[in-house]
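Undergrad: Note that the protein sequences, when read in sequence, are chains A and B. Numbering-wise (our numbering), the first sequence opens with residue 1 and increments by one. Numbering-wise (our numbering), the second sequence opens with residue 1001 and increments by one.
Don't read these hints as lab results, they were simulated from the structure. Check the hints yourself; a few may be wrong.
Stated by the list, open to error - Here are the computed lysine to aspartate or glutamate pairs in the EDC-like style, where the Cα-Cα straight-line distance is at most 20 angstroms:
#, chain 1, residue 1, chain 2, residue 2
1, A, Lys178, A, Glu111
2, A, Lys205, B, Asp1033
3, A, Lys205, B, Glu1049
4, A, Lys205, B, Glu1043
To be verified - Interface residues of chain A toward chain B, partial, derived using beta-carbon atoms under 10 angstroms:
#, residue
5, Gln195
6, Ile196
7, Ile202
8, Lys205
9, Ser220
10, Val234
Being a predicted model, the structure only gives us computed values, none of them experimental. We put the beta carbon where it would ideally sit given N, CA and C, even for glycine.
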Amino acid sequence: MLISLSLPGDDNTKQRPQRIVSTGLCADQLLLMIADRSQIESLSSFVTDPNMSYMIDAVGDLPLNNSSVEEVIPYQPDLVVASSFAARDTTRFLRRLGYEVKLLNLPTTLEETYVLLREFGEWTGNEARAEAMIGQMKLEIVEIQSRYAHRPEKSVIVYSPNGYTIGSNTLENDILNKAGYRNLAAEMGIDGFQQISLESLIAAKPDLLYIDNNVINSDSLASAYIAHPALEHVVAQKHQISIPTPLRICAGPMLTEAIAYMAQKR
Amino acid sequence: MKLEAISSRALLGSLLLVLFIAFFTALMVGPVDISLFKAISSEPDTSMESLILFEIRLPRALLALLVGATLGLAGAALQGLLRNPLAEPGIIGVSNFAALGAVVVFYYGLSQAAWFALPLGGLVGALLSVVIIFALVGKSRSIVTLILAGVAINAIGGALIALVLNFAPSPYAMQEILFWLLGSVANRSTNELLIALPFMAVGWLMILSSGRFLNALTLGEETAHSMGFEVNRYRWILVLGVAASVGAAVSVAGNIGFIGLVVPHLIRPFVGYEPRRLLISSALGGAILLLVADIAVQLFSSGGEIKLGVITSLVGGPFFLFLILKSRNMML
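Excised from the complex, chain A in its bound form:
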């Protein structure tokens, strides 16, 4: 009887969390995708930011928090999910108070994204849904790659505000590779998220310049980097593209959409 009541694939030896609070965007999105709505108590306010959130339409009337300890405790959560790189103090505090806190790692490849999704399914007791999601992603990537297989490989460099670029060991690098691009910054030996000099960028002569244009209109020195006239000369002869932030900022099934988007521009 009990078995028929629970969802397929659920782990019955462990209690399934019923009062989950998230304090970070990536955890918010995965909760909305993988967990039952009834399991969710509160999401972080980032999830309603139209510039970053992929799941903005799914939020509905779920209560939001600003990732502070004081806001989390009143929900008496049986599980808190957070990003490993943000709100460290909140995490440490909650653990000291005896709350169960699970941290999402920052995946640097699609393989690690699958591992993360699988873990997330286990934490929240939704293994089957996570597995289905992973299977679907793998299928879609194969489909995208075969659809654009006839197009030649292209070289690319990413240029973001403050002169940052995407190097090796980043999720974005893996997305670019899967979409059929050679990331020249990674080949230059840039590892992770680092600054690249304008000179090196021009000297590398990429086929495409991928500019994070989500902030071009904001007044800051960071955006002035992107507005540098030297760049205009390069861009005038080449292409300027940008993956919408919500598709690439977090690990999840929307990454295949990012790959499709980039592959289609190749």
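Mind docking chain B on chain A? Use the hints.
TA: This is chain B only, laid out in the frame that chain A set:
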């Protein structure tokens, strides 16, 4: 004094020569090795080499030259005007207030209203701080009063910069405090150069036109007055000149400290302690020092560059301490 034997011409000539060398070295230094010959011989803006030389290195080196000259000149002018050897745009808070004015204009979109909005913001900020300094220090030549007033104005300026950036609409504003407090000429283009140049040039002319007044002022205000100088008028010309040039320099390159302190002190013995002769040579010296500092910045760091103010403060800070110790010994 033996050093006085050096003639004006010899001093200016050697400074110009060193400046020339520093400028060309700056054009040759960068993360990518390029051939300058190839850059010059190819069609403008078509080859990678010419793009790097003319769009990246040339504006950067020119900006370092002009900002350095401004700071050296303003330091010499302020030291003469306040008759105080420790006066300097950074130390007395003029640079921080200029940065504050520029930050208000820049982060709230006003800089797009008109090309001159940004340097004008710097000018207004700088002017405000010089007026406050005058009100606080007055005719006192006490070094302690000046330094304490500078500490207070600097602290207020720095806090207001942080406050303004905290409320700025851009998500990057907070990270950019470092630029405004430590200065940089990296990734600046011809645009910034053209925006700042008119204000800097007007400021220089105003300061340079007051050279003879500064000479007279060394003998005291009354003497200067009896020599036919309208003290108040000249004082305002100098204050406005410093505010215009430093305001414009800071609004495109941030607050780069200590150039205006170090350079006039190094050069003063060579010009026979004459404020008028100090002006132009300090401008040349400041340009040299900032170019060298910017070359050092590029040589010692790859990718994530250290800010210019780090280098100038590492050199200028100890020098400042040395001057304080020296002046304390003199007072004892």
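Undergrad: Which of the listed hints are broken here?
TA: When the structure is compared with the hints, none of them turns out to be violated.
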